[in-house]
Amino acid sequence: MVRDLDDIIIRTSARIMVPFMQIYSLYVFAHGHISPGGGFQGGCIMAASFILLAVAYNLNKVKTRLTERRNALFCSLGVFIFAATGLVPVLFAGNFLDYGKWSKVLFTDPIMARYYGMAMIELGVEITVMAVMVSIFLDLATAGKHEKILEEKDVRNDTE
Amino acid sequence: MNKVYALIISVIVGLLLVYSASEFPKWSDPNQPASLHVSPRYIEKTVEETKVPNAVTSVLADYRGYDTMFETSVIFTAGVAVMMLLRRPKNGKRP
Amino acid sequence: MFEMILSKYNYWMYILLIMVGFYGMMAKNNLMKKLIGMNIFQWSIILYYISIGAKKGGTVPIIMDTHSAAGQAIRAIDYINPLPHVLMLTAIVVGVATTGIALTLLIIIYKKYGTLEEDEVIEVLKK
Chain A
1 MVRDLDDIII RTSARIMVPF MQIYSLYVFA HGHISPGGGF QGGCIMAASF
51 ILLAVAYNLN KVKTRLTERR NALFCSLGVF IFAATGLVPV LFAGNFLDYG
101 KWSKVLFTDP IMARYYGMAM IELGVEITVM AVMVSIFLDL ATAGKHEKIL
151 EEKDVRNDTE
Chain B
1001 MNKVYALIIS VIVGLLLVYS ASEFPKWSDP NQPASLHVSP RYIEKTVEET
1051 KVPNAVTSVL ADYRGYDTMF ETSVIFTAGV AVMMLLRRPK NGKRP
Chain C
2001 MFEMILSKYN YWMYILLIMV GFYGMMAKNN LMKKLIGMNI FQWSIILYYI
2051 SIGAKKGGTV PIIMDTHSAA GQAIRAIDYI NPLPHVLMLT AIVVGVATTG
2101 IALTLLIIIY KKYGTLEEDE VIEVLKK
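Chains as they are written, first to last, in our numbering: chain A, 1 to 160; chain B, 1001 to 1095; chain C, 2001 to 2127.
Any given hint could be a false lead.
Claimed, not checked - Once the Cα atoms are required to be at most 16 Å apart in a straight line, the calculated EDC-like pairs of lysine to aspartate or glutamate come out as: (1) K1051(B) to D2065(C); (2) K2028(C) to E2120(C); (3) K2028(C) to E2117(C); (4) K2033(C) to E2118(C); (5) K2056(C) to D1029(B); (6) K2008(C) to D1029(B); (7) K2033(C) to E2117(C); (8) K2028(C) to D2119(C); (9) K145(A) to E68(A); (10) K1003(B) to E2118(C); (11) K1045(B) to D2065(C); (12) K2028(C) to E2118(C); (13) K2034(C) to E2118(C); (14) K101(A) to E1049(B); (15) K2034(C) to D2119(C); (16) K2112(C) to E2123(C); (17) K1026(B) to E2003(C); (18) K2008(C) to E1023(B); (19) K2056(C) to D2078(C); (20) K2033(C) to D2119(C); (21) K1051(B) to D109(A); (22) K1003(B) to D2119(C); (23) K2055(C) to D1029(B); (24) K2034(C) to E2117(C); (25) K1045(B) to D2078(C); (26) K2055(C) to D2078(C).
Source of the hints: derived by calculation from the structure; they are not laboratory data.
Make a model of the complete structure from these sequences and hints.
Below, the structure is given as structure tokens:
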């Protein structure tokens, strides 16, 4: 009884902070061209928002929002976006990772095509970094036994 | 005894590093060789070739994009390796 | 002689940190403390590389007033060197991956041998 009222400040402030952290991480990623930032920084902030939820509550709350299968899908989706952005110029008789040839697909001039190519690969990097950080944290915190840890003892503590 | 040996070895390595660092250029020297050959070209040409004002992002994603791709694959491999090492079914084959 | 010491004091500080990390890796008995020593070593080398890229009177390498750059040339002496920052971004991510896998190996060693001290693990392995 006392334990439930102890955590109420931490739990409420964590719930308020998490959506702002995720929007901030998208801003840091999108402003990577004109201010310090980019893919790695935004991905780490997005992963930190999930880890804050896991630390303030129990791990079950993160697992219902970001399932294991979707996390593994995001891991490989980021690397795939990066490699695909590099392979499309090869189809148009350019070098690998030569973003100038994207101007034939996007209908802009070659200089702006390099601008958009950089934004695309930063998106791939952000998705991969976010998924891998959350996956490593969940694996290390439960020592591999995800399903054994999340039993009725944790679900009973959830005050919803 | 182990700790005394380790202390002596690390002090010797530190003194070797100090001796070789005494011939390095001064701190924040504008004419040091680290900032003379390739990096002025990156700073001067980054706006006219890519229209991105941030020199760090344009070098990371455009001029050195190959390194970034393999570094993304390194962190992907680390995630896969942690998954493989820690999530093993105890008895019986669970998919 | 005194000016040589004073004008390069960033090298002396980082060499001290490297020595601390190196001693921690070799001399400590617990495997977790060895891992922390390796981490100190790694991060101090990253700091050392970033300190190389400084320039006197230079500013952050984000090119300001790009619209008036059509008439005015961009001088490289106004901005600090962006290359060490770029290369160390990769090094930081590699360091994080290495630390993650090392912690995984520590969990497996603890499950199998019941202890994290190095000499006890070697004793069990010798039998």
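Evaluation of the provided hints:
1. K1051(B) to D2065(C): Since the Cα atoms of K1051(B) and D2065(C) sit roughly 12 Å apart, the hinted pair holds (cutoff 16 Å).
2. K2028(C) to E2120(C): 14 Å, holds
3. K2028(C) to E2117(C): 9 Å, holds
4. K2033(C) to E2118(C): 11 Å, holds
5. K2056(C) to D1029(B): 6 Å, holds
6. K2008(C) to D1029(B): 10 Å, holds
7. K2033(C) to E2117(C): At roughly 10 Å apart (the allowed maximum being 16 Å), E2117(C) and K2033(C) satisfy the hint.
8. K2028(C) to D2119(C): Measuring from Cα to Cα gives roughly 11 Å; hence the hint holds.
9. K145(A) to E68(A): OK: K145(A) and E68(A) at ~13 Å, within 16 Å.
10. K1003(B) to E2118(C): Satisfied, since the Cα-Cα distance of roughly 14 Å is no more than 16 Å.
11. K1045(B) to D2065(C): 15 Å, holds
12. K2028(C) to E2118(C): 9 Å, holds
13. K2034(C) to E2118(C): Holds, at about 10 Å.
14. K101(A) to E1049(B): OK: K101(A) and E1049(B) at ~14 Å, within 16 Å.
15. K2034(C) to D2119(C): 13 Å, holds
16. K2112(C) to E2123(C): 14 Å, holds
17. K1026(B) to E2003(C): 10 Å, holds
18. K2008(C) to E1023(B): 10 Å, holds
19. K2056(C) to D2078(C): Measuring from Cα to Cα gives roughly 9 Å; hence the hint holds.
20. K2033(C) to D2119(C): 14 Å, holds
21. K1051(B) to D109(A): Given that 16 Å is the threshold and the Cα spacing comes to 12 Å, the pair holds.
22. K1003(B) to D2119(C): The given pair, whose Cα atoms are some 14 Å apart, holds under the 16 Å limit.
23. K2055(C) to D1029(B): 6 Å, holds
24. K2034(C) to E2117(C): Holds: K2034(C) and E2117(C) sit about 10 Å apart, inside 16 Å.
25. K1045(B) to D2078(C): 14 Å, holds
26. K2055(C) to D2078(C): 8 Å, holds
Violated hints for the displayed structure: none, as all numbered hints are satisfied.
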